[in-house]
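Participant: Chains as they are written, first to last, in numbering that gives the first Met the number 0: chain A, 0 to 175; chain B, 0 to 175; chain C, 0 to 175.
Honestly, the hints are just simulated from the structure, not real lab data. There are no misleading hints in this set.
Here are the computed lysine-lysine pairs in the DSS-like style, where the Cα-Cα straight-line distance is at most 27 Å: (1) 80(B) - 62(C); (2) 46(B) - 46(A); (3) 62(B) - 80(A); (4) 62(C) - 75(C); (5) 46(C) - 170(A).
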Amino acid sequence: MEEWLIPAERRGRGSSVRSGEMAKLTRLIDNEVFWAYAAYATIVLLKMMLMSSVTAYFRITRKAFVNPEDTASFGKGESAKKFLRTDPDVERVRRGHLNDLENIVPFLGIGLLYALSGPELFTALLHFRIFAGSRILHTFAYLIPLPQPSRGLSWAAGYVVTISMAYQVLKTALYL
Amino acid sequence: MEEWLIPAERRGRGSSVRSGEMAKLTRLIDNEVFWAYAAYATIVLLKMMLMSSVTAYFRITRKAFVNPEDTASFGKGESAKKFLRTDPDVERVRRGHLNDLENIVPFLGIGLLYALSGPELFTALLHFRIFAGSRILHTFAYLIPLPQPSRGLSWAAGYVVTISMAYQVLKTALYL
Amino acid sequence: MEEWLIPAERRGRGSSVRSGEMAKLTRLIDNEVFWAYAAYATIVLLKMMLMSSVTAYFRITRKAFVNPEDTASFGKGESAKKFLRTDPDVERVRRGHLNDLENIVPFLGIGLLYALSGPELFTALLHFRIFAGSRILHTFAYLIPLPQPSRGLSWAAGYVVTISMAYQVLKTALYL
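With the hints as constraints, model all of the structure from the sequences given.
Facilitator: Laid out in structure tokens, this is it:
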């Protein structure tokens with residue numbers, strides 16, 4: 000059972016009912032890896048969602064909006080129009096948000112497939128934790144901002160870890 | 000079987016073959032939740048994809064392009080260059096599209112994990128429907144545009160529902 | 000077992016142990032489809048990640064940055080400030096990257112659900128390959144750039160294939 004959760008090397012083409020026993024053992028390990036993935040994926044997604052709130056916070060405190068309907072409460076006509084402007088802090092948060100999207104989407108997809116490819120728990124946790132840590136560091140490095148190469152290195156750590164998981168997924172998929 | 004689909008509270012560490020029976024019952028419920036997720040995830044993704052077509056429609060009708068190669072059919076040189084411009088309607092649709100991305104990506108990831116965490120069908124449907132409704136309302140509020148706080152509230156509804164699902168996922172993942 | 004992997008038309012509500020046999024057969028097919036999805040999803044995500052590196056490459060070679068802290072190595076004050084500018088090549092890669100995000104996110108979600116809806120391997124491979132091909136062509140069409148409608152057509156191919164998979168997912172989800 001759960002044959003698609005068994006790592007390729009342990010899986011035979013003509014699997015008998017007995018192989019279900021092995022699958023079960025593997026699956027219990029996969030369970031832990033899967034829910035470890037679930038926890039870290041949820042954490043990085045919540046962190047990414049936080050960026051929306053930070054953007055809204057900066058837009059309101061800096062009074063810097065894009066949509067005319069958002070400035071209606073500041074009065075009509077020219078008096079409200081001056082709030083339709085870009086603010087360096089708002090733009091910085093938005094760049095951080097977009098960078099999150101660009102990097103968390105690959106992690107979501109590749110990480111899920113990696114978790115289902117039957118890696119060892121220790122290795123999987125190492126990957127997930129480096130990724131989550133790299134994105135949290137990246138946010139601090141971007142928003143404070145810290146001098147380079149802090150932001151560059153934190154981005155690179157998550158990038159390399161995602162490629163390492165992608166390699167594992169492709170190996171599993173092609174050995175099938 | 001399907002043990003990773005069983006909610007943590009019903010799952011024992013040293014599960015015997017008999018626990019497979021319970022798993023089976025749970026899985027049948029999970030089935031419905033999973034495919035409910037599938038339906039709503041597909042609907043919001045199709046809605047998001049529609050934004051690409053709306054952008055293309057406005058670019059062509061407003062004659063507002065970004066890439067020089069896109070204006071080649073309007074003639075060469077200066078006559079085509081005047082179509083390389085931004086248009087408020089195009090920019091509005093693009094902002095709506097980006098907001099979709101920023102909010103639908105967390106729903107995709109967290110919603111899938113939530114559906115696999117074994118929630119009750121009624122609760123799950125409530126979450127999925129509020130989210131899908133909030134994104135559809137958000138699009139209308141952005142494109143018409145409706146006066147605030149329509150757009151703000153429709154965005155917030157989807158945001159809160161995603162956090163509620165994230166809480167459930169983390170609870171399941173950490174009880175494992 | 001794996002009942003949620005069985006296409007709706009073959010699945011009975013009151014499934015007996017015997018239906019597990021059928022499920023197993025179906026699952027073996029699903030296995031192949033699932034890992035085919037895994038391979039193509041990973042390939043398009045790696046391609047998308049490549050856009051980050053291409054952006055970084057152009058930013059460094061064209062000396063065109065957004066963040067003041069990125070130009071610190073070029074000296075202080077006014078001498079570094081002139082590198083805070085937009086460059087047409089950098090902007091072009093960034094647009095390609097955003098277009099990837101807008102199209103690969105729907106593929107990731109809908110493609111996964113489609114792979115779990117029990118399609119035939121041949122049909123599934125056709126969908127996955129057209130999508131992956133369309134995104135690779137789109138990148139070349141955008142970055143070289145090729146004259147239109149190369150970019151438009153390559154984008155449309157991936158769009159249509161995703162809608163075709165979405166239709167299959169909705170059919171499976173609603174027949175449950």
